[in-house]
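Number of protein chains: 2
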Amino acid sequence: MIYAAVLGYGTVGSGVVELLDRNRDKIAKGVGDEVAVKYILDVREFPDSPYASLFVKDFAVIEADPEVAVVVETIGGVGVAQTFTRRALEAGKSVVTSNKELVSEFGCELLALGKEHHACYLFEASVGGGVPILHPISVCLNGDELTEVYGIVNGTTNYILTQMIQNGLSFETALRQAQELGYAERNPSADVNGVDTCRKICILADLAFGKNIAPSTVRTEGIADIQMADIAAAASIHAHIKLIGRTVRGEDGRIASYVAPHVLLMENLLAHVEDVFNGIVVKGGATGETMFYGKGAGKMPTATAVVSDICEALRRCRAEAFPHWEMAGEEVLADPDELVNRWYIRANMDHDEAAVLFGDVTVLQTDENGTAFLTGPMSGFACAEKLEGVDALAVYRVLE
Amino acid sequence: MIYAAVLGYGTVGSGVVELLDRNRDKIAKGVGDEVAVKYILDVREFPDSPYASLFVKDFAVIEADPEVAVVVETIGGVGVAQTFTRRALEAGKSVVTSNKELVSEFGCELLALGKEHHACYLFEASVGGGVPILHPISVCLNGDELTEVYGIVNGTTNYILTQMIQNGLSFETALRQAQELGYAERNPSADVNGVDTCRKICILADLAFGKNIAPSTVRTEGIADIQMADIAAAASIHAHIKLIGRTVRGEDGRIASYVAPHVLLMENLLAHVEDVFNGIVVKGGATGETMFYGKGAGKMPTATAVVSDICEALRRCRAEAFPHWEMAGEEVLADPDELVNRWYIRANMDHDEAAVLFGDVTVLQTDENGTAFLTGPMSGFACAEKLEGVDALAVYRVLE
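So the protein lines, in turn, are chains A and B. To convert, note that position 170 of the first sequence is 170 in my numbering; the numbers rise steadily by one, no gaps. To convert, note that position 284 of the second sequence is 1284 in my numbering; the numbers rise steadily by one, no gaps.
Next up, chain A with everything else stripped away, as it sits in the complex:
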């Protein structure tokens, strides 16, 4: 029998306990031994839980028990979650988590700490919820030099945008609906402002390129300013506006990372990723383009990723097996405005004025909201230069 301890009995933590119980036999086959929860740490009381006897309030009990091989951290944040993670790794226990804030801020250090103490630090659940994406990048695509990762990695904002696009709801109404359905927090700012997407694209960049990208260095825009006129104009060519996190490595090795709304043409598979689903595209020199899709949040999908990582941590035993990246200075950070793509622009000008400014343009719509058009490929710098002095109502990158 192998023992795990679960820190935090919230949505994900309780899902992990439930899933370890429900799929006990399959897990035992995969790991080669039965896995059971020995402790659950939470400040709250759960006297009616079937697992009531497992609850403890003092992390030192878990830390000192040599029978605990794996610690599951589903507390969230960078406070006690970080303290307990460090203490567990220092005690030689592997740690598995869904905590994207902690991994994006301190993952590099925590992986090094784990390696030092021959313990795994695994976090598949921190990006894409139930969508396998971190192991595919660090294991299956390890033989390739990756050049770009982008995707829809926040289910809340994607749900809101889907409602705005399909049902014509305003942002405020769609947000309220998402809150009523439990898809958005009472304080939805980390989702709506793009901060959650920022943390996830950092983790993806860390693993894809082997360099630590700090969230504070990533330019981040949310969805609160997206207007119905733009959604309608995009819809006229069956395109969708989506919140995209993106990280691109240039030929000089520098990495551009950002979060912003984009227009996705219908040819792009991500244009069809709706509601709370996530979709992530990975590009590599040898592999070309791969795409990963599934439920990006929710109790059981996220718990599946955590439980799978528990199994993986128990199967692995050499430090070299762990994903890793190294610290990186500003020299590896490129400006996203260097990236070249077509642009969606809506501005108070007519077709002719647009053509004079941008050359060959594709007009989607002209009405009282101005003219919406697509430009040819150009960098953000070139686009901004052309737009100097122009009353631009919307400017988005186009993904094809």
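Be aware that one or more of the hints could be misleading.
DEER-style ranges, computed between Cβ atoms [what the hints assert, rightly or not]:
hint, chain 1, residue 1, chain 2, residue 2, range
1, A, Arg-219, B, Pro-1047, 53 to 59 Å
2, B, Ala-1235, A, Thr-147, 31 to 37 Å
3, B, Phe-1381, A, Arg-24, 31 to 37 Å
Hints in this document: simulated from the structure, not taken from any laboratory. Quantities reported herein were computed from a predicted structural model and do not represent experimental measurements. Just so it is clear, CB atoms sit at the ideal spot from N, CA and C, and this is done for glycine as well.
Since the structure of chain A is provided, determine the placement of chain B on it from the hints.
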């Protein structure tokens, strides 16, 4: 320095040698040591190759060299490929392969042999080419009980169907074009008849359900009989006809596996998988639906999967880490006709006759080719019963 030997210097084998060379630094970081090719085994001569000095003709040289830690088998088939794989595993060397015929026929035994000798047998490249799908199933979704896997896993047939659908080419013309472009073999029967898809769905079933599914037990239909009239009728609702391999585990634990053309409604992401791309959907009780997409064939995508597996084999060291499944008797095999779905039917009858037979139907088209319509959900048995004595011109499952 860690050494590998490559068996077979064809498309994939030469890609592996090239990629190990090109991405040497990244691979060394991932593995913790440099990886180099020490031998290439081929019956042919390659005097002008930059790797000419590495070629050998006798497998015994590789087998006897304790410096060789990993053997890459890209010979194909179940003859010498099988013999060399067994001898390498017995010598304690890990084996990595893209050989779907060998894995689908003898994978279960070869994994057991590897485990006995503390050597890995890894084959991510055998399904989906460059699409990560086997590790995601056996590692990332290991915590879930999977219920179904289906997908487009043969690029050749998908290219032919895409040409028939988008450019109105006949099957024969599309096949000839695929051959000219190198997407189809001179003898395309294993692709066209669905045999290649059958092998891949067996491997997917093995890993998803932990039971060995022999290719000979899987009912397999190809694409040669698909007619333009059906492609046109499907197109009238923006649906596409695709060759799908599918394996489903019922609540009683029995597994239904088959290969056949399907109508994919536009809501299904796989309807948008075109040309030589592959797409695979995995369903689980806790995770819901995940989807994996990318280049299903080609020298470098496949070589990426092989090289990534070489790295993974070198990182792993405990036998418990390997994917595994157990032998299974007929009691685990269910009949695909038990599976319930809507059906696409084209027959010489009018709307009223269809409604009398099937109740509420959706008519897509009526013309000199008969009436094409969608039924409600029913099993294959129920559908066949209703069609007794009917002149059915086409009968396909519908995926929504």
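Please name the hints from earlier in the document that this structure breaks, with their numbers sorted from lowest to highest. none
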